[in-house]
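Student: Working from the sequences, and respecting the hints, build out all of it.
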Amino acid sequence: MERDDLIVNDSYAINATHSEEEGKKIRKKLFAVTALLTAITIIEVFMGVAFKRNGTFAWETIKLTFLVLTLVKAAYIVLIFMHLGDEKKNLKYVVLLPYALFIMYLIFIGLYEGVAIQEANSIWR
Amino acid sequence: MAGHTKNLSKDELWGGNASPFAVSYGKMMMWYFLVSDALTFGGLLTAYGVIRHSSSEPWPVGEQVFEALPGLHGSYPLMYVALMTFILIISSVTMVLAVEAGHRRDKKGVIKWLGYTIIGGFFFLGSQAWEWSHFIHGSGGGFQVNKSLTVTGELDNGEKVEMTLNAGSWVNMTSDFGHEYEHAMEGGHEAAPAAEHGHGGHGEHTEAHAAPSHVDVNSLKPTELILNKYVLVHKDGKDIRKVTVKGEDCQKLWDAKADGTMAFGANMHKNEYAIQQQYANFFFFVTGFHGFHVFSGVVINIIVWFMALGGEFERRGHYETIEKIGLYWHFVDLVWVFVFTFFYLI
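As given, the protein sequences belong to chains A and B, one line each in that order.
All letters in the first sequence, in the order written, are residues 1 to 125 by my numbering.
All letters in the second sequence, in the order written, are residues 1001 to 1346 by my numbering.
Please note: incorrect hints may appear among the correct ones.
What the hints assert, rightly or not - Residues from chain A shown here face chain B by an in silico Cβ test under 8 Å; the list is partial:
| no. | residue |
| --- | --- |
| 1 | E21 |
| 2 | A74 |
| 3 | A75 |
| 4 | E87 |
| 5 | F102 |
Claimed, not checked - Keeping only pairs whose Cα atoms sit at most 27 Å apart, straight-line, the calculated DSS-like set for lysine-lysine is:
| no. | chain 1 | residue 1 | chain 2 | residue 2 |
| --- | --- | --- | --- | --- |
| 6 | A | K29 | B | K1112 |
| 7 | B | K1108 | A | K28 |
| 8 | B | K1112 | A | K28 |
| 9 | A | K52 | B | K1242 |
| 10 | B | K1108 | A | K24 |
| 11 | A | K28 | A | K89 |
| 12 | B | K1147 | A | K28 |
| 13 | A | K52 | B | K1108 |
| 14 | A | K29 | B | K1107 |
| 15 | B | K1147 | B | K1257 |
| 16 | A | K24 | B | K1112 |
| 17 | B | K1238 | A | K63 |
The set of hints was computed from the structure by calculation and includes no laboratory data.
Built from N, CA and C at the ideal position, the CB exists for glycine as well.
Tutor: This is how it looks when you write it as structure tokens:
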């Protein structure tokens, strides 16, 4: 069998090169992203240790902040480290849109079913 | 788009040899695989969310369960898992540098950075092994209280405090007594079948086997229990998580132990951290599934490292394979970012 990734589509791979100067710029960007991801992780750990989990409004806000920070981290990993930001629009949306839909559905299921199960338990147990 | 297709002949349109995504077949399929794998992890984390959200009992707090560091005593909440996260992020960076070196067709650079990535992967796997082993062994046991009671305990500085435990609340302890009790429980398990065996005519053997470990679990009574881990009492605006209970109060607390709830460490049936066994099961399954992904990633990276060393990619004229395995490795890092948030932070 012919390896189509080697023969037919080689041009995509061969054209995906860059020079030493471009490389320097790219690495600079990568190091900046690294610093950002590390900083976010440190902030998250600090918040996790410092704030009490007591179900108050403050803690709910912190929880939301964790989710936002996590999504920021995820976006940087996917768009910069995985180069999805540099790909064609088609590929970007084929990957991101179905997943975004799926996640919204799952969050709905998680919250809605979770509450329903809790209510059922409180009645029948 | 429709405007463009009008100008193309049928042969051009259906003849293949071009990708609407301008990526190779292999890279596109890697993306599709990652989307499907992300759906799996998304499903697992959602199941965890549903169970946790539907639980009416309090769920264990990450910063209180995971607070140990290897070789050190005392409380270092979340430090170890933060270190693991940092290791994985750094190995992700070395991977992206390997991909960058590949784009410059810099063989030495690829070998160097991919090598660092593999080392980072091994460090992460080792850390996870320690984390699991610590989680499984536990720190002294836990049990559920079957009625509300008020007991007096002592703080580290000798100050007396009165604490009220509600019916059904979970307490965690550190004490030598916990270990003694655990051994007696295990001994009890072993002694029963051995005694049966004895009726079959192996009297001598049975006696030697059963005698040293057979301590009646019910006869064991503690004189001192050190409660730790979870918040026990609020005093002067502070959460107090460590209280030593002695004498009569200790008896009172021990007698309030709900039947069959005593647990040491964690396994697939019981765990000392919470009433909900799903807590331990989800921990094992999700971090285990992620760890297995890291393990496969390390194996694939090692194979590709040797291919790079042998000059395979120089022969092909490009280093796209590095890009593909890079995608997988970054995905593993991405999943950990979410596991970290849901299991340890929230």
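Student: Take the hints in turn and mark each one as holding or not.
Tutor: Cross-check of the supplied hints:
Restraint check, A:E21 versus chain B: the minimum CB separation of about 10 Å is more than 8 Å; hint violated. The interface hint given for A:A74 is met, as the beta carbon of that residue sits about 6 Å from the closest beta carbon of chain B, less than 8 Å. The closest approach between the C-beta of A:A75 and any C-beta of chain B is roughly 10 Å, which is over the 8 Å cut-off, so the hint fails. For A:E87, the suggested interface contact is upheld, since its CB lies about 7 Å from the closest CB of chain B, less than 8 Å.
Checking A:F102 against chain B: minimum C-beta separation of about 6 Å stays under 8 Å; hint holds. Annotation: proposed proximity of A:K29 to B:K1112 holds, straight-line Cα distance about 20 Å (limit 27 Å). With a C-alpha separation of about 20 Å, the suggested pair B:K1108 and A:K28 falls inside the 27 Å cut-off, and the hint holds. For the suggested pair B:K1112 and A:K28, the alpha carbons sit about 18 Å apart, so the restraint of at most 27 Å is met.
Of the supplied pair hints, the one linking A:K52 and B:K1242 holds, its CA atoms being roughly 17 Å apart against a limit of 27 Å. Restraint check for B:K1108 and A:K24: satisfied, since their Cα atoms lie roughly 16 Å apart, inside the 27 Å limit. Restraint check for A:K28 and A:K89: satisfied, since their Cα atoms lie roughly 25 Å apart, inside the 27 Å limit. The hinted pair formed by B:K1147 and A:K28 fails the criterion: a straight-line CA distance of about 61 Å is larger than 27 Å.
For the hint linking A:K52 to B:K1108, the alpha-carbon distance of about 49 Å lies beyond 27 Å, and the restraint is violated. Distance restraint check for A:K29 and B:K1107: the Cα-Cα separation of roughly 22 Å lies within the 27 Å cut-off, and the hinted pair is therefore satisfied. Taking the CA atoms of B:K1147 and B:K1257, the gap is about 9 Å. The hint holds against a cut of 27 Å. Taken as a hint, the A:K24 and B:K1112 pair is honoured in the structure, with Cα atoms around 17 Å apart against an allowance of 27 Å.
Using a Cα cut-off of 27 Å, the hinted pair B:K1238 and A:K63 holds, with the two alpha carbons roughly 22 Å apart.
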